[in-house]
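Asker: Protein chains in written order, with numbering that gives the first Met the number 0: chain A, 0 to 126; chain B, 0 to 295.
Everything labelled a hint here was simulated from the structure, so no lab data went into it. Errors might be hidden in some of the hints.
Claimed, not checked - Listed next, the in silico SDA-like pairs over lysine to any residue satisfying Cα-Cα at most 25 Å (straight line): (1) B:Lys93 to B:Arg170; (2) A:Lys68 to A:Gly29; (3) A:Lys106 to B:Lys81; (4) A:Lys106 to B:Ser272; (5) B:Lys93 to B:Tyr168; (6) A:Lys69 to A:Glu41; (7) A:Lys55 to B:Glu215; (8) A:Lys69 to B:Glu173; (9) A:Lys55 to B:Pro258; (10) A:Lys55 to B:Leu256; (11) A:Lys55 to B:Gln277; (12) A:Lys106 to B:Ala264; (13) B:Lys85 to B:Met46; (14) A:Lys55 to B:Asp190; (15) A:Lys68 to B:Asn29; (16) A:Lys55 to B:Pro100; (17) A:Lys68 to B:Glu197; (18) B:Lys283 to B:Glu260; (19) B:Lys123 to B:Ile166; (20) B:Lys81 to B:Ile115; (21) B:Lys85 to B:Pro100; (22) A:Lys55 to B:Val26; (23) B:Lys283 to A:Arg11; (24) A:Lys55 to B:Ile115.
To be verified - Covered by chain A, per the in silico footprint, the following chain B stretches (three or more residues, Cβ under 8 Å): (25) 160 to 173; (26) 193 to 201; (27) 215 to 223.
All of these numbers come straight from a predicted model, not from anything done at the bench. Glycine is no exception: its CB is placed at the ideal position from the N, C-alpha and C atoms.
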Amino acid sequence: MNQPGVVVDESRPIFVQIAELIEIDIISGGLPEETQVPSTNEFAAFHRINPATAGKGVNLLVDEGILYKKRGIGMFVATGARDRLIGQRRQRFENDYVGPLVAEADKLGITRAQLAEMIRREEGSAE
Amino acid sequence: MSAVVEVKDLSKNYRTVTAVDEVSFTVEENTIYGLLGRNGAGKTTLMQLLTGQEFASSGEIRVFGESPVENAGVLERTSFIKESQKYPDDFQPKHVFASAPWFFPEWDAEFAERLIADFRVPLKRRIKKLSRGQLSSIGVIVGLASRAPLTFFDEPYLGLDAVARQIFYDRLLEDYAEHPRTVILSTHLIDEVSNLLEHVLVIDEGRIIVDQAAEELRGSATTIVGTRAGVDSFVAGREVLHRDHIGGLASVTVGRLDPLERQEAAELGLELSPVSLQQLIVQKTNVPAKEFEVKS
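Pulled out of the complex, with its shape left as it was, chain A reads as follows (with noise of 0.2 Å):
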């Protein structure tokens, strides 16, 4: 049962989630270079946790590199975060998506011709 404004997913720990919600926002502009990230207890207030673990999720980007602290203000983004993060994105998506793709392509019986075709596509379709 979870609780509205919360985005949760029970398996994993919930400061690892708010670092990542972070690192969407940043990957998506929401969130641009040098600009300040909402503080510990505002993402606290809204995700309805702990502000401790709130503070761990940022801290984990911290200590990446990707947030710093401005003393007496609050965190920042960092510059070159976003490339970085989109650099290791891409490093994982094989692994995250191709290889499940391929997995479930072979089971159905769809040859690596047929799957190349429906890629092109969607690309057709997203121009």
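With chain A's structure known, arrange chain B on it following the hints.
Answerer: What follows is chain B alone, placed relative to chain A:
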């Protein structure tokens, strides 16, 4: 971080029952704890011991480094909101809020006023005439506005509707963020509070059976569902927390799975689902595995 509460080998025996059975634990400063367990598990007794309302049969209790019994210095820093708070017969809610500052040096009257509006507490009605939910609201308001460095909420919301409970959670988080303090929350509504908690204590039959960070508990169990043969072979050699069978299907809960194991389960066609804190505690404090058919 320093310990606010230190308990060592604490027991409380009544004539025929042992309500608290040689428990030891510490409570860290500025942390929200969940004290969870079934009815009669010993939660209330434990809180009464920590607030000097009951005498220990044996063992040691240190609250802010001192014994809480008859200790004004400790008790004025402690707020204990219980389910069945009694008030003098002629009292109205306004009398409760007017007298609270005598007991709690950190009392914030402005905050109390905001809460009174939030919970829509009628100030000038006899307390005897209030509904169960309104009575609970008074307790919650006193607990929050007292800002005691150590605050206990023992099933604070009997009769509170879903809206009022949500207000309680939101105000607790907001105020805790601005005025950090130690909160020990005892409740049956585990799913509702699980994300608020930083640390979880589970008591069962007078013993502490879980004393762990909430984030560590999260994901510490997984339920595997699939054909009985498939599930049984996958879980062979693992510690099983819970097991259910119906026909050819099995549902088995085991400990944490690493990504490789999750992948292996997926390849075997098994479904994995996370176990919520509430389910985990139900399983840990429940009678052992029930089976819908005789094990073959």
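Asker: Now tell me, hint by hint, if it's right for this structure.
Answerer: Status of each hint after checking the structure:
1. B:Lys93 to B:Arg170: Roughly 21 Å separates the two Cα atoms, so the pair holds.
2. A:Lys68 to A:Gly29: 19 Å, holds
3. A:Lys106 to B:Lys81: 59 Å, violated
4. A:Lys106 to B:Ser272: 23 Å, holds
5. B:Lys93 to B:Tyr168: 23 Å, holds
6. A:Lys69 to A:Glu41: 17 Å, holds
7. A:Lys55 to B:Glu215: 13 Å, holds
8. A:Lys69 to B:Glu173: 23 Å, holds
9. A:Lys55 to B:Pro258: 22 Å, holds
10. A:Lys55 to B:Leu256: 23 Å, holds
11. A:Lys55 to B:Gln277: Answer holds: Lys55 (chain A) to Gln277 (chain B) is near 23 Å, not above 25 Å.
12. A:Lys106 to B:Ala264: Holds, at roughly 17 Å.
13. B:Lys85 to B:Met46: 17 Å, holds
14. A:Lys55 to B:Asp190: 22 Å, holds
15. A:Lys68 to B:Asn29: Cα-Cα ~23 Å, so holds.
16. A:Lys55 to B:Pro100: 35 Å, violated
17. A:Lys68 to B:Glu197: 24 Å, holds
18. B:Lys283 to B:Glu260: Between Lys283 (chain B) and Glu260 (chain B) the Cα gap is close to 23 Å, so the pair holds against 25 Å.
19. B:Lys123 to B:Ile166: 22 Å, holds
20. B:Lys81 to B:Ile115: 18 Å, holds
21. B:Lys85 to B:Pro100: This hinted pair holds, its Cα atoms lying about 18 Å apart.
22. A:Lys55 to B:Val26: Holds, at roughly 20 Å.
23. B:Lys283 to A:Arg11: Status holds; Cα separation ~20 Å.
24. A:Lys55 to B:Ile115: The hint is violated at about 33 Å.
25. 160 to 173: holds (count 5)
26. 193 to 201: holds (count 4)
27. 215 to 223: With 3 residues closer than 8 Å to chain A, the segment 215 to 223 of chain B meets the three-residue bar; holds.
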